[in-house]
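> The chain contents come next:
Number of protein chains: 4
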Amino acid sequence: MSDAMTAVLRVACPDRRGLVAAVAGAVLGASGNIRAAEQHSDPISRRFFQRMLIEVSSEQAEVLRVSLQDLANRFAMAWRLDLQGHQPPVALFVSKQLHCLHDLIDRFDRAELAGRLALIVSNHEVGIREGERHGVPTLFTPFGDRSVAAIEAEQLAALAEARIELLVMARYMRVLSPKFLQTFSGAVINIHHSFLPAFAGGKPYHQAFERGVKCIGATAHYATDALDEGPIIEQDVVRVSHRDTVPDLAQKGRDVERVVLARAVRWHLEGRVMVDSGRTVVFA
Amino acid sequence: MSDAMTAVLRVACPDRRGLVAAVAGAVLGASGNIRAAEQHSDPISRRFFQRMLIEVSSEQAEVLRVSLQDLANRFAMAWRLDLQGHQPPVALFVSKQLHCLHDLIDRFDRAELAGRLALIVSNHEVGIREGERHGVPTLFTPFGDRSVAAIEAEQLAALAEARIELLVMARYMRVLSPKFLQTFSGAVINIHHSFLPAFAGGKPYHQAFERGVKCIGATAHYATDALDEGPIIEQDVVRVSHRDTVPDLAQKGRDVERVVLARAVRWHLEGRVMVDSGRTVVFA
Amino acid sequence: MSDAMTAVLRVACPDRRGLVAAVAGAVLGASGNIRAAEQHSDPISRRFFQRMLIEVSSEQAEVLRVSLQDLANRFAMAWRLDLQGHQPPVALFVSKQLHCLHDLIDRFDRAELAGRLALIVSNHEVGIREGERHGVPTLFTPFGDRSVAAIEAEQLAALAEARIELLVMARYMRVLSPKFLQTFSGAVINIHHSFLPAFAGGKPYHQAFERGVKCIGATAHYATDALDEGPIIEQDVVRVSHRDTVPDLAQKGRDVERVVLARAVRWHLEGRVMVDSGRTVVFA
Amino acid sequence: MSDAMTAVLRVACPDRRGLVAAVAGAVLGASGNIRAAEQHSDPISRRFFQRMLIEVSSEQAEVLRVSLQDLANRFAMAWRLDLQGHQPPVALFVSKQLHCLHDLIDRFDRAELAGRLALIVSNHEVGIREGERHGVPTLFTPFGDRSVAAIEAEQLAALAEARIELLVMARYMRVLSPKFLQTFSGAVINIHHSFLPAFAGGKPYHQAFERGVKCIGATAHYATDALDEGPIIEQDVVRVSHRDTVPDLAQKGRDVERVVLARAVRWHLEGRVMVDSGRTVVFA
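Those protein sequence lines, which keep their order, are chains A, B, C and D.
For the first sequence, counting from 1, position 149 maps to 150 in my numbering; every step adds exactly one.
For the second sequence, counting from 1, position 245 maps to 246 in my numbering; every step adds exactly one.
For the third sequence, counting from 1, position 85 maps to 86 in my numbering; every step adds exactly one.
For the fourth sequence, counting from 1, position 155 maps to 156 in my numbering; every step adds exactly one.
Check before you lean on any hint, since a few could be wrong.
In silico EDC-like links for lysine to aspartate or glutamate, alpha-carbon gap of 16 Å or less [what the hints assert, rightly or not]: (1) B:Lys253 - C:Glu153; (2) D:Lys253 - A:Glu113; (3) C:Lys97 - B:Asp110; (4) A:Lys180 - A:Asp107; (5) A:Lys253 - A:Asp229; (6) D:Lys253 - A:Asp107; (7) B:Lys180 - B:Glu155; (8) C:Lys253 - B:Glu155; (9) B:Lys204 - B:Asp229; (10) D:Lys180 - D:Glu211; (11) C:Lys180 - C:Asp146; (12) B:Lys253 - C:Asp83.
From the structure, some residues in chain C lie toward chain D, with a derived Cβ separation under 8 Å [what the hints assert, rightly or not]: (13) Asp146; (14) Val149; (15) Phe196.
I should point out that these hints are in silico values taken from the structure, not numbers from a laboratory.
Just so you know, even glycine gets a beta-carbon here, dropped at the ideal spot from N, CA and C.
Extracted from the complex, chain A is given alone in its bound form:
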C-alpha cells in the first residue's frame, strides 16, 4: 500500500449474532488489516459496541466505507471511520483556576493528545493571557452586563468558525445552557472536582471537608442538561486526612483533577469512548 495509514473504526448497534464476523469480513474484504479491536455487548441495553484500529490505504478506505454502509442498513448500525491525520480542533473553556488548562496545553504541545488546540475561551483575563502566551487563538467573554444568550451566541459563532469538534470545560465555572449543549451534544467534557455522585454542585471541597471523607476525587463526564449528571468517562481519588484544611483539599484535588480530565480528553480524541444510555463504554 503506497499510502497505508492507521484508521479508527467505531460501530454501535443492537446486539445480534454475526456482527463481529460481518465487520471483520468487511475490513478483510477491503484488504484492510486489523491491528487491535475491542468490543462490548451490554447485557442490559442489549447493544453492541466495537472499536477497531485498522491499517488501510485511502483507496481501501473507500471500499470499506461502501461495505460499512451495507452493514449499517442490515444491522441498524451507526459507524464512523476516522483516518489517521485527522486532528479534531479542540476548544478549552476556563475561568480563573488554570491548572487543568496548563496541563492540557502541555499535553497538546507534547502531542500526547490526538487533536489540535484551536481555541481558548475564558470569562477571565488570566485565561486569555495564558492562551496568548502559547499562541492559541482566544475569545474573551466576560460575564458583565450582557445576557447569557448573547455571550453564548458569540461563543457558538467562534466555535463554528474554528470548526471545533470537542469542547473541554477545564474548570469553567459557568453553566452552559441546554440549547448550547444540544448544539455540542456528546462533545462537551467537564471536570467536576468531586467523586460524583457525591458532592455535586459548586463547593465540593467544602462539602468533603465537612463530611470528613478520607479520600477526595475528581470526575470527568460529558456535560448534559442535568448538571453534574452526564455520563461519567473517568474518575479517580486521592487520600486525605483530618489534617487537611479546605485549601489542602483543593491542592491535593488539583493533581487528581488534571490527570482525570487529561485521560478523558485523550480517550475521547482517540475514539475510545462511546455512550450507552447514560453510561460510557471506555475502550482504554
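Go by the hints and put chains B, C and D onto chain A.
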C-alpha cells in the same frame, strides 16, 4: 522497671497553649518514657487531640493517673490510659454475607487486632455456624415474629454479659435502634459498601452500576442514629469498568470492604481514632 | 439450542491479516454467538492472541472444533475451547503463613473462582489442619530426612491422581525443582511478597525496610526455573512509612499479597492469561 | 504578639527520656504556641526526630533559640528554626524532557511550594527557553568540548551567587560528580523514572517493558554518590498492561513522575523530611 509495659494515653480538650508541655511533663514526672506521639489541633473546632504510646510500670501508671486528673481539671481535658494487655472484648454482627466476618476472624487468629473476639451475633444460621466452627460464643437472633425491641433487648443482655467494648457490624443488614446505639455510643463500627456520601441506603452496587461510576468504594464509620451519616473512619476505592455487572461490582467490592473495615477496627482498637464534631481524627 | 452454554475460546498464532474474520467466521459457521472478545497483536513478538466468550450448544461446539482445526493448520494457530461447567481441579501448596490459603479457600467457597479446590499440600501441620477443617483432601510432605526428589515424586503422584490442572504456591516457602516445574509448565502460579524485580529472594520485607521504600508490593507470576523471574500476571502496592517496622510491612503486605494472588488465580482459571515470550497478555 | 508568625522547628538527636517534655517546655518557656507536632523514635537507629509548627513573635524566637542551644548541648541535639517568610531559593536542573519542569514552575506560580524559583540550569536550549519564557534566571551549560569539572564549576558558582538552598534534578540526564554532591549534601532531590530499587540506570521504561511488569513507578530521592541509591523521599505507581508500548509507559510514567517529584519538593521545603541512616523520616 520490673514490670515495664506499653500503654496508650489519649487526651482531648479545648486547644490551649502549654498542653503538649503539660502532658509530656506529666509523663516525665511519672518517670514514663514517650515512645511515639501524635497530636492534632483542629482549626475549626479549636479542640486538641493527642495520642501517646508510653512505657511505664504499673506503679508509674498510678502516679501518671493522678497527674492526668489534675490536668483534666485544669484544661477541661478528657483522658484515657489503656495499659498493655488490655484486650477489649469485641462482638461481630453479621447477616448472610460472611466475607468481612471471615476476614476479621482470620485477623483475630493472627493477633493482628488488639482485642479479643468474644461474641458473634447473627440473624442467619450461616453466621452462627461460622462462629461455632471457630469456637466463638454465638447468639442467634432471627427476625421472625418477635419485636425488634425484644430482639435488641436479648442482644444487649448478651453484649453486657460478655462485657463487649466494641461492636462491629460486619455486613449486618439490619438497622440498630437509636436506643441501642446510644447504649454503645462511639463503639459501633459499620461497613457500608459504597464511597459515602455517594450511594447511601440498601443497594449501593445497583446504584453504582446505574450511575456508571468508574470506581466503587467502601466506607467504615461509626454508626449513629442518622443512617450512613456517622463519622467516617476509613474509605477506599477500586476501579471498575463498563464490563462489570452488578455481581462483578459486588465481587470487587468485597475486597475493598474487607480491607477498609479491618483498618477501621484495628485503628479503633489501638486507640487511634477520636471523634471531633462528626469527623474523625485518625492517628494512623 | 436445547443445551446452550457459555464457552471460552482461546487462540494464539503468528499475526496475519484475516485472523479476526476467520475466527469469527468459524464461530458464526457453527451458529455460535460471540458474547465478548478481546484480542492483542503484539508489536514486538508479532503474535496474535484472542479470547472469546461464546454461546454454543454441545453439538455446535463439535462443529466449531472441526473449523478451528482447519484454522490451526492454515494459520499455525494454537487453540483451546473450554465448555461451561469445566471446573479445573486446583491444588494449593502452603507452608506456615496461611493468609493466602484462607483467602483462596474462602473464594472457592463463594464460587468466585472458576475451578474446584481439590488438594492442599503442605510441609507444615498447620497447613494440613486447615485443609482438613474445610474438608479438602490433603497431602503432608514435611521436609525431614527424605530427599527432595522423593518428596516431589510423592507430590507429583498426588497431583496426577487428583488430575490437577493448576498449582498455586500460596506462600509455599520451598523451591520446586526444574523437573517438577516442567511437568506443570505454565500451570504453577506463585505469589512473591515484593514488587518484582525489586527484592527477589527470601527476605523481601527486610530488604524493603532497609532500603526505606515508601510502597511495598506483591507479585503473582508463573513459576519457572529462574527463581522469581517467571512471567508476571499481576502486581499491586500499598503505601508504607518510616513508622512501619518489618512486622508492620509484613502485615500490610499480607493484604496486598492476598488480593494480587486471588486476581491472578481468577484470571488464569477464566482463561484470561496467555504467555508471550516471558510476558503475559491478560484480558482482565 | 505584635509580629506573631508561624515557624518550623526541627530537632534530631539520640533518643532519650524527657525529650518531648524538654522541647515543649522550651517552646512554652518562650511563650510560643505549638500548632502541630510530629515525632518519630526510630527503633533501629535509636534516634529521635521531631517537627513542630509553632506560633512565636520574632522576640520570642530569640528566647527560644537560646533554650534550644541549651538543649543541643544537653541532648546532643541538632536543631533548626525556620521563621515564616523564609523562602529558600531553589534551582531546577533539566535536560530535554520538560514535563517536571513545567509542573514545578506551575506550582511555584501558584505558591504551592514554600520556596522561590531562583534559577533554571539546562544542558539543552529548550530548557533555557522555558526559563526565559517564565522570567526565571537561567544558566546554559551544554555538554560540548568543555570538561565536566569546568561545567560543574560554572554551575556551582551560579548556585552560590543565587544562594540556592535546594537543587531539584527535574529530569536532568547527567550525573553530578561526588564533589558537586558533597557541596550540596542533603539538598539535591532527583526524580528517577522507576520504582527503585527496580530498574535503576538509564532506560527504566525499556527494562519495565521487557520484564512485563503490571505497574510502573517513580521515585524521588536525595542524590548521593551512589547512583539511584540515595534516601527515598516518595514513590508511587500507575497500572500498565500488555497493550502499553515503551512510549505508552513513558507517557503514563510522566504523570506519576510529576506528582512524586512535586510531593518530595513540597515536603522538603516545608521541613518535613529528615534523613536517618540512608532512610527518610517524612512527616507528611
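> Would you check the hint for B:Lys180 and B:Glu155, treating anything up to 16 Å between C-alpha atoms as holding?
Holds, at roughly 14 Å.
> Closer than 8 Å between Cβ atoms is the bar; does C:Asp146 clear it against chain D? Give me holds or violated.
violated, 39 Å
> Is C:Lys97 within 16 Å of B:Asp110, Cα to Cα?
holds, 14 Å
> With a cut-off of 16 Å on the C-alpha distance, tell me whether D:Lys253 and A:Glu113 pass.
Given that 16 Å is the threshold and the Cα spacing comes to 10 Å, the pair holds.
> Given the hint that D:Lys180 pairs with D:Glu211, does the C-alpha gap stay at or below 16 Å?
Since the Cα atoms of D:Lys180 and D:Glu211 sit roughly 35 Å apart, the hinted pair is violated (cutoff 16 Å).
> Are the Cα positions of B:Lys253 and C:Glu153 separated by 16 Å at most?
violated, 36 Å
> Given the hint that C:Lys253 pairs with B:Glu155, does the C-alpha gap stay at or below 16 Å?
Judged against 16 Å, a Cα distance of about 37 Å means the pair is violated.
> Hinted pair, alpha-carbon criterion (16 Å max): D:Lys253, A:Asp107. Please report holds or violated.
holds, 14 Å
> Would the hint linking B:Lys204 and B:Asp229 be met if the CA-CA limit is 16 Å?
holds, 13 Å
> Given C:Val149 was flagged as interface, is its beta-carbon under 8 Å from a beta-carbon of chain D?
violated, 29 Å
> Given the hinted pair A:Lys180 and A:Asp107, is their alpha-carbon gap at most 16 Å?
violated, 31 Å
> Is the hinted pair A:Lys253 and A:Asp229 satisfied, with a Cα-Cα distance of at most 16 Å?
Since the Cα atoms of A:Lys253 and A:Asp229 sit roughly 21 Å apart, the hinted pair is violated (cutoff 16 Å).
Comparing the model with each earlier hint shows violations of hints 1, 4, 5, 8, 10, 11, 12, 13 and 14; every other hint is respected.
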